[in-house]
Amino acid sequence: MDKKAKGGLSRRAVLAGAAAGVVAPVAVASAAGSSLAAAAGLTRQLTLYADYVPGTTRVGYGLEPGKPTIPGPLLEMYEGDTFEIELVNNTDQRLSIHPHGVLYDTESDGSPFNNSFNNPGETKTYTWKTRAAYQAANGLWMPGSAGYWHYHDHAFGGDHGTVGLLKGLYGGLIVRKRGDLLPSKTFTVVFTEMWINHQTAPDTPIFEANLGQRVEFLCIGHGSLMHTFHLHAHRWADTRTGMLTSATDNAPVIDNKTLDPGCSFGFQVIAGDVVGPGAWMYHCHVQQHSDDGMSGVFLVRGADGGMPAGAQDAIDRFKGHHHGTAAAEPPTGPPPTVATDASAKTAKASMPGMADMPGMDMSDMDMTGHQH
Amino acid sequence: MDKKAKGGLSRRAVLAGAAAGVVAPVAVASAAGSSLAAAAGLTRQLTLYADYVPGTTRVGYGLEPGKPTIPGPLLEMYEGDTFEIELVNNTDQRLSIHPHGVLYDTESDGSPFNNSFNNPGETKTYTWKTRAAYQAANGLWMPGSAGYWHYHDHAFGGDHGTVGLLKGLYGGLIVRKRGDLLPSKTFTVVFTEMWINHQTAPDTPIFEANLGQRVEFLCIGHGSLMHTFHLHAHRWADTRTGMLTSATDNAPVIDNKTLDPGCSFGFQVIAGDVVGPGAWMYHCHVQQHSDDGMSGVFLVRGADGGMPAGAQDAIDRFKGHHHGTAAAEPPTGPPPTVATDASAKTAKASMPGMADMPGMDMSDMDMTGHQH
Amino acid sequence: MDKKAKGGLSRRAVLAGAAAGVVAPVAVASAAGSSLAAAAGLTRQLTLYADYVPGTTRVGYGLEPGKPTIPGPLLEMYEGDTFEIELVNNTDQRLSIHPHGVLYDTESDGSPFNNSFNNPGETKTYTWKTRAAYQAANGLWMPGSAGYWHYHDHAFGGDHGTVGLLKGLYGGLIVRKRGDLLPSKTFTVVFTEMWINHQTAPDTPIFEANLGQRVEFLCIGHGSLMHTFHLHAHRWADTRTGMLTSATDNAPVIDNKTLDPGCSFGFQVIAGDVVGPGAWMYHCHVQQHSDDGMSGVFLVRGADGGMPAGAQDAIDRFKGHHHGTAAAEPPTGPPPTVATDASAKTAKASMPGMADMPGMDMSDMDMTGHQH
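Protein chains in written order, with the working numbering: chain X, 1 to 372; chain A, 1001 to 1372; chain R, 2001 to 2372.
Okay, chain X solo, but in the shape it has when bound:
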């Protein structure tokens, strides 16, 4: 995936003083200022291919021709990095790629409005930049690019990408700050009309982690319906990171959040923290939607990767529940990850044997809640 990366320097944050509060973001901003941070960013070229999913009328983005995934590849950047995305349109329809959150000029807008799209068979490059926050005249800060974002078609079959989204042309995009904790795994969850990642239960994704792993959910809403995302037995702060800045941070803590079209958010949890391993539901909490198939499984295995008691039975029960709106077309499998920084931990998550290092993640888990 990293065939054209310009930079080879390992940019993994080294978190020396964990007890000393928020470390790296402060250091970046105070030592260098936003302009230097931007200058220091990596630029990565990446080729994406838009193809029909074989045997279906669906269309997805992929890292190789003829191998689209729905959602498309998860793209990751650090503030200051740039993606130069060469999009190859292998379909017979006009389409594009439009990102949320990052910086682009009108030529990379991805909208027919700005004449920014790929005709059938055409290849076109879209450039996405990012930046750090910077201070304004009254001492407040204009926000940077870090966030849980997404990208999608804005041209297939219309001016707003409505048909492209229904076909499957969407994916996740994460911009991190230096010092952000890297998860063992990131799960991209897209609610579109009555689908989760273009599937309905029981064919929706089973997201797996081991007890104590730090895992990340990136939740994206699309289509024309209201949704809410709910995860059982885990919760997060309604902040940029899902975490709090101090023990007295007054940000809301939630486990259910509105996920309307075009919105996205993300958070990290320690899999099974206090609650233990098991099969946990995630679902849209709009009752008609969950009843009609918008639910899936977050499988928290034991710390050693073993299947916890009762989990297989739960999954079997789940698999036995078919819904009237079940997808008629096959799934494409989980999306791969591409980061501007080749050393990013999440990039490793797709390599068997490296993603599940409980020793690394267990340090974040606190089982003391069991003591009472």
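Any given hint could turn out to be false.
Said to hold, decoys possible - DSS-like cross-link-like pairs, simulated, lysine-lysine; straight-line CA separation at most 27 angstroms:
(1) A:K1319 x X:K319
(2) R:K2124 x A:K1319
(3) R:K2124 x R:K2067
(4) X:K67 x X:K124
(5) R:K2067 x X:K124
(6) A:K1124 x A:K1067
Unchecked claim - Chain A is faced by these chain X residues, among others (derived, beta-carbon under 8 angstroms):
(7) W236
(8) T241
(9) N250
(10) D313
(11) D316
By construction, these hints were calculated from the structure, which means they are not laboratory data. Just so it is clear, CB atoms sit at the ideal spot from N, CA and C, and this is done for glycine as well.
Based on the hints, put chains A and R in the right spot on chain X.
Then chains A and R, alone, in the frame of chain X:
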């Protein structure tokens, strides 16, 4: 209500230095760490009964057999506390209790997916734990359990509790931090389909307080429709507490908030602060919904409990407006409160004569806005 | 517009030490306390006229009889200020004005519930107060009035203003804190049913700014439908101001936000920052809504006001796309601005030649993102 509480120690926070900023939460975390805080939590056993509301097809949770309320009892905890809830199913249908925000293992999940429910006539215990925030490797904090939450059926007539919610099987759950201000009263407001607490105007709740009392709203969304909660003449910060951490806290201040299915939030206001006593509307701001009966009254009496000028006329006008979708079944009256901490102020709110102590609450009211 | 202002003192914040962090808000609160700040506020009388839009069945608020705009005039205050609004009802229907966020007694509630409205032909005064945040007993702060709010009818053709909103009786209201940065321009964007400011594309507003100008969006939702607001190539923090309080502020940064009925939010962006000048789309991201005409143009001109390359082509393409639901009635033109403080910068925005001072605003723009 407190028949099985294990701990008798008064745990009411003593707020010695009000001017010194946020007090108790910091002390808890810095002096003891989250594990000790958890260890110090109370465990309370509680029995809830699921029963048909007499003379109706509705079903609610109650503290006594045959006496369900809709919403069910308001349950309150401090971070570190545990509820062991014995649920007695007095109906002829499968049902359960599933909480948001708190910690539970798969056996207490309340979902058929995890085989966690009560068969007809069955009694089963569900355990809910809570914890404080704790620091992660980069200095940020993983969130604790404090929040404005709720609980509901997840098994009646299906896998997601859709029928149980329509029947009335839901209630409020609040997890507080030490040092949080305790209100004189808490009002639980549940928007489900086109109902407020299973009623439509003019049968929706009239929430009453005296001028200057600190009162709390816990707002919960259920069903399959989008809602927004609006309260006249009062506003709150979009934070965990509805308050700000400093004069320069940059959190949004709002008086109207999306309340989609499965979502919940809460806040405290000083009744009639600056605006004075009177009858104030609260309603869903989706126009079709307010027109069809999703509105109610927040009655702010005088500081001495007297009826303010014009308020009875307003209520009479309100009561005269009948809506086509008015409920055919009688209401169940306001829900009682159960706290893990027997000394919690809100628990007193249900005792006549103790809830309305204006001397205690007037200190929070600031009428200086009138001076101009 | 300022015909009855009582105070002539310039209250424009002087921001002496921009590098020293948040300046004015702290000073106000610590030096004077909220009561003095409130006492120091200005009171302004203002007359608004509710009239039918000539040649249509629409109704709007205006600053002169017979000249309504949709949205109505943008009203601005500082915390501590008071508006005394004399509303003249020039229509043949009952109507009112009901504000969000600010302080009012029951007589100024604007609801038939409180007998607060204008009969046909009647003139009535509504008083809106504001206040600063103040500290509560546990050190947290009860929120003040500062926020991005709105006002609307609550009486035309019913009890909740549903018909009045459909007619066009709504407008923007901003309460600022001392020290808040003032924008060059404020754009009021109201999503009501399938309209933006009562128009559908291609007749929706084209909001114009010059490269580097600090501009403000005030987004308001009305009606009975769910919406989400999306702006291309710009983003904001999900805070009161759209800005962050520090480089490590953990607030979410977004470019798409749910805008359900009765909700409102606002933010400031530097027009074209990093991304450059051009024609950028803003639209509802509910796909059916954007397809049916809920989109418009944010035109970022060059720093000298010149038309950027490609922008006219984009606008021409946009204007060529007619939608089936296009409005049959003519627009009213952009709304004027009225501030309690006559020196407010935004008030100048309506004066030709003064709004576009790039020298003043360019200081906030950072083009360093281009350096890589």
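Against the structure, the hints come out as follows:
1. With a C-alpha separation of about 50 angstroms, the suggested pair K1319 of chain A and K319 of chain X falls outside the 27 angstroms cut-off, and the hint is violated.
2. Under the criterion of a C-alpha separation no larger than 27 angstroms, the hint pairing K2124 of chain R with K1319 of chain A is consistent with the structure, at around 26 angstroms.
3. Restraint check: the Cα-Cα separation between K2124 of chain R and K2067 of chain R comes to about 19 angstroms, which is no more than 27 angstroms; the hinted pair holds.
4. About 19 angstroms separates the Cα atoms of K67 of chain X and K124 of chain X, which keeps this hinted pair within 27 angstroms; it holds.
5. Distance check on the hinted pair: K2067 of chain R and K124 of chain X sit about 50 angstroms apart at the alpha-carbon level, beyond 27 angstroms; violated.
6. As the CA atoms of K1124 of chain A and K1067 of chain A are separated by approximately 19 angstroms, the hinted pair is consistent with the 27 angstroms bound.
7. The beta carbon of W236 of chain X is positioned within 8 angstroms of a beta carbon in chain A (closest approach about 6 angstroms), and the interface hint is therefore held.
8. The interface hint given for T241 of chain X is met, as the beta carbon of that residue sits about 6 angstroms from the closest beta carbon of chain A, less than 8 angstroms.
9. Contact between N250 of chain X and chain A, as hinted, is supported at the beta carbon level, the nearest pair being about 4 angstroms apart and thus within 8 angstroms.
10. Here the hint on D313 of chain X is kept, as its CB sits about 7 angstroms from the closest CB of chain A, short of 8 angstroms.
11. Taken as an interface hint, D316 of chain X does not check out: its beta carbon lies about 10 angstroms from the nearest beta carbon of chain A, beyond 8 angstroms.
Hint compliance for this structure: hints 1, 5, 11 are broken, all remaining hints hold.
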